[in-house]
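Student: Chains as they are written, first to last, in this note's numbering: chain A, 15 to 376; chain B, 1116 to 1293; chain C, 64 to 440; chain D, 22 to 235.
Read the hints as simulated data drawn from the structure, not as lab findings.
Computed from a predicted model, the values in this text were never measured in an experiment.
Treat each hint with caution, since some may be false.
No farther apart than 20 Å at their CA atoms in a straight line, the calculated lysine to aspartate or glutamate pairs in the EDC-like style are these [stated by the list, open to error]:
| id | chain 1 | residue 1 | chain 2 | residue 2 |
| --- | --- | --- | --- | --- |
| 1 | C | 420 | C | 80 |
| 2 | C | 252 | C | 284 |
| 3 | C | 275 | C | 106 |
| 4 | C | 256 | C | 284 |
| 5 | C | 78 | C | 112 |
| 6 | C | 282 | D | 135 |
| 7 | B | 1248 | D | 228 |
| 8 | B | 1214 | A | 345 |
| 9 | C | 275 | A | 21 |
| 10 | A | 109 | B | 1146 |
| 11 | C | 393 | D | 229 |
| 12 | D | 167 | C | 341 |
| 13 | B | 1285 | B | 1146 |
| 14 | B | 1248 | B | 1146 |
| 15 | C | 247 | C | 341 |
| 16 | C | 417 | C | 210 |
| 17 | A | 173 | C | 217 |
| 18 | A | 109 | B | 1222 |
| 19 | B | 1248 | D | 171 |
| 20 | B | 1248 | D | 215 |
| 21 | C | 417 | D | 189 |
| 22 | C | 393 | D | 215 |
| 23 | D | 104 | D | 92 |
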Amino acid sequence: MAFEKYDFTPITQSIHQALIENVSPLLTTIIEWTIIGVLYLLFIAVFGLFLVYAERKVCAAFQQRLGPMRVGPWGLLQTIADFIKLLMKELITPKSVDKFLYNLAPFIVIIVPFLTISVIPFAPGLQSLDFDIGIFFVTAVSSVGVIGVLLAGWASNNKYSLIGGMRSGAQIVSYELSVGMSLITMVILAGTMQVSEIVELQRGGWFLFKGHIPALIAFTVFVIAGTAETNRGPFDLAEAESELTAGFHTEYSGIKFAFFFLAEYINLFIVAAMATIVFLGGWMPFHFGDWAAFNNVMDFIPGLVWFFLKVFGIIFLIMWFKWTFPRLRIDQILTLEWKYLLPINLFNILLMATMVLLGWHW
Amino acid sequence: MGITSKKEFEKNDFPVLDSYEGGSIILTQLDALVNWARSNSVWPLTFGTRCCAIEFMAVGASRHDMARFGYEVARATPRQADMIIISGSINYKMAPVLKRLYDQIADPKYVIAMGACAVSGGPFYYNSYSIVKGADHVIPVDIYVPGCPPRPEALLYAFLQLQKKIKREKNFKKQLKK
Amino acid sequence: MAEFSEKYIITDEIKADEYLVNIGPQHPSTHGVLRLLTRLEGEIVHNVEPHIGYIHSGIEKMTEALSYPQIVHLTDRMDYLSAHMNNEAVCLCVENALQVEVPERVKYIRTIFDELQRLASHQLWWCASGMDLGALTAFFYGLRDREDILDIFEETCGARLTLNYSVPGGVMFDIHPNFQKSVKAFITKFRKKLPEYDKLLTDNIIFQNRTKGVGVLSKEDAIAFGVTGPTGRASGFSCDVRKHHPYSAYPYIKFDEKLGTDGDSFMRWKVRMDEMWESMNIIEQLIDNIPEGDFAVKMKGVIKLPEGEFYQRVESARGEFGVYIVSDGKKNPYRVKFRSPGFSNLFTINHIAKGWKIADLVAIMATFDLVIPDIDR
Amino acid sequence: MKRGREIVGIVGKRKPDSVCKTSQRFDRMVNKKNKVKGNKDIGLSVTSRNKEVNLAQSETNQAMTNEQLIEQLTSANPDAVVKQGSQYPEITVAHDKLHAFMQNIKSDSSLAFDYLVCETGVDYPEFIQVVYHLESTSHRHFMVVKANTENRETATLDTVSDIWPTAEFHECEIYDLLGIRFNNHPNLRRYFLDDTWGHPLRKDFHDDIHVVER
């Protein structure tokens, strides 16, 4: 098809070939790791800052304001200024904290997006790790973040932090279930856990349309649970500003606070990316039945653009939640998960399994 | 000295480069970069005592929108804030709390005394037994904004003045001299 | 200098599973410098002890050295969101004591200003409590519409917040020629905007879950604790001073006292939302009928009240505001007491927040609409 | 809106009585109109209480006039001092009989003063006076009760916080600012100031350090 010309595989392959012909295989691996590491680091830094900027602009639009305007054109450099400022700011370690855990916590939190991002295919051939258990890996690794949050809450020796950490723990452990189960629903449909294969299977049509009713339910549940898992409003109890000042990161200043801040936005990206891959066909263009002309035009748009368009759509949706809804209470959040989402999910898995078994999908 | 042209205004606006005689280029430029970042991203602490707090809220709201200047993210915890806007009077019971809040803010930190109460005690200067006669008795103040309460525009002007003040700072040279 | 020691005054002993959390003096949900010493077990509130005095400015002592027109200007620094009602209370008290009959025009102007101020105050309450509940956009919507009222204030009296518009004997100056036009324009505009507020929060399922049935204050408790204003009326306590002891132009107009039944956070919310509609009705009844005449009566250069004691009640935006003046015949009062609505309202917190979660405490605080300088004076 | 024009008749220099009559007439007209139209009310569960408001009627709502009120109180408490010609009915009670008197006027169903509007203290040269503004929510009486302490140095008075819970907090304020100790008070503490301060609302309070006199 037309969009195959945007495949990144030849580029990566040629780099790999060039390296393996000139240096030893061990050195090749090390060099490739370094390149990928640097690229991901750059991506996370730049994209994280851009998401912060986007959030500010989106919330400003919702609130009938302009948002950042003065720093750079349209305030584009605003978050860079913020980042440099946070980098240069004093790092306070309060006297009574558990110093080792206090310093460790932000790093654990920031490691999670680095791990999860590795299985995400941005475009054909632009993926660093292609397991056969990709989906499983994402669900497993993304729950490490809660340890960082709990540590931050515990080690800060602050009651607000502790309450925030505990809330976050209860919340993320619960919503992990929903995220996992809604993904499993789609894995039943796909028949594989390999991320690249899941994307490839959607060449004929996105899973959201292929799986119709159960897929729609799974998508809704995934977006709700994903919002909760990233601690974003209306589920931002862990850092509920009006109750707990800043929740688990109350005592953090400077760049350590920036780590929490950045991790939140990258996690947001990962949730949106997973939703894109599993439900909306990853980098696959939008096709409509037999409309060949329409489909060709769609194919003309590169896969990378398709991927980010979808991701931004979902990120915008999640931002919309945050700036519209009031915050839930902790018991209401747990009620929502255990009494509504989980039974719906279990039923949905059954429905999907029946459907796949009887072949009632497109 | 009157400002006649836009160019001259801009020159007055960025006195950074003029004020460095000699010194190494890299550190000067680094200083300029850091000051640019700091002056454009001053996060205030959500701290309001009296009527001026309402005007402070009005500055944050849609019509005046202080987010345009990068003052957007009002943090509730002093660890992550850069600036206190003392909006309202401080009394002798509050003074130790204010001092503590100021100490909890990570360096660099700035203070704006907003309104007559914070500047000098304002209407409570005479005959009041509990009001501190000006917040600068407790913590150092960078910018004073008069008015009871000041208009939002006055506070916005104070923000711009604070930006100018931050741009004059010398961070790295000081450390070198030590 | 007298030193302030930070003491924890705890009425009864802390139990094994409980811990203390100091909410305030600097905390986003306290709306100022209020300190709530909260005893929690997990997230559940066992006891709340409000500690006030962090913004105490001794206004009552200061008034003993001031003349009556000067006192008026201190009152709007107390409850700055119902500044005009406070001004009016002192003016009415002085006028009552001197047996001065103010012109009809003044009564109308004062009442319109009262209701505009009430609208502005309720708007600010709406946006601040929306923020407390986590809906940040509400904060901006409320302040956006509030600016329109502030423009009207500014046009007539030059101030946005602390109006200083009422003086003993009338108002400071006549209304701006545009006043009626801009008020009418505002009412027309705000009648369209107010349903937006309901759409954003009142009809929201999360919001209703957060507030319905939370922090119930019974009618008996409301009366016993002296809880007035919309907070008391939400419990069914008919305490509207405008109805029961009408002043200014309130006897001439027809309006409803909004009474709630449940006394929970949602009802307090609802009563305030309904009061906004009612305030607009009141303004509409008056705005076209402002009679011609003087905007003030000529008062003596030095106002001296006759010997005696005078008490004047007005309905401020958050309850019954009272001024009690003891005069010994001199130009300064002997003693002035301001009965602030917030003071009585605040101390019911412990009574109704017990057993609820810490997030509910914030919701209850939000719907109580506290202004701390009003409590501390 | 139409409501603005409904009360045009009251503009001018008419006396309150005539105002009431006209407004009642207008109200009747409005009610008729509203029956057809249906008044727009967003309050779903808020009950609107549309009572005719005027000064005269709110007085007739009272179960008894001020004179009757004073008569009943003085007959029960012959040694109470009644002040004549004041704004509201005013009674001064001896400090040792205060608590019993207060309990009586709250529990007596014909008086039923269940709402303590305001409680405050005034410092006089010989004694400190505590002033209670009371209202009955059922009868709509309003009354002022006063009680004097024996002296200024050891000013004590019985608490009424067991009768009206709101008094607990007002009494703390009075204790803070005027230094009256209330007997049997559950939690008497200083609200605004610290123990090292004097009582600022007393007339002999002088503070050369903090106060700038003018």
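Student: Hints first: check each against the structure and report whether it holds.
Tutor: We went through each hint and held it up to the structure:
no. : hint             : verdict
1   : C:420 to C:80    : 15 Å, holds
2   : C:252 to C:284   : 39 Å, violated
3   : C:275 to C:106   : 19 Å, holds
4   : C:256 to C:284   : 35 Å, violated
5   : C:78 to C:112    : 16 Å, holds
6   : C:282 to D:135   : 12 Å, holds
7   : B:1248 to D:228  : 15 Å, holds
8   : B:1214 to A:345  : 37 Å, violated
9   : C:275 to A:21    : 56 Å, violated
10  : A:109 to B:1146  : 31 Å, violated
11  : C:393 to D:229   : 25 Å, violated
12  : D:167 to C:341   : 38 Å, violated
13  : B:1285 to B:1146 : 6 Å, holds
14  : B:1248 to B:1146 : 36 Å, violated
15  : C:247 to C:341   : 15 Å, holds
16  : C:417 to C:210   : 37 Å, violated
17  : A:173 to C:217   : 45 Å, violated
18  : A:109 to B:1222  : 17 Å, holds
19  : B:1248 to D:171  : 38 Å, violated
20  : B:1248 to D:215  : 19 Å, holds
21  : C:417 to D:189   : 18 Å, holds
22  : C:393 to D:215   : 32 Å, violated
23  : D:104 to D:92    : 13 Å, holds
Checked against the numbered hints above, the structure breaks hints 2, 4, 8, 9, 10, 11, 12, 14, 16, 17, 19, 22 and satisfies the rest.
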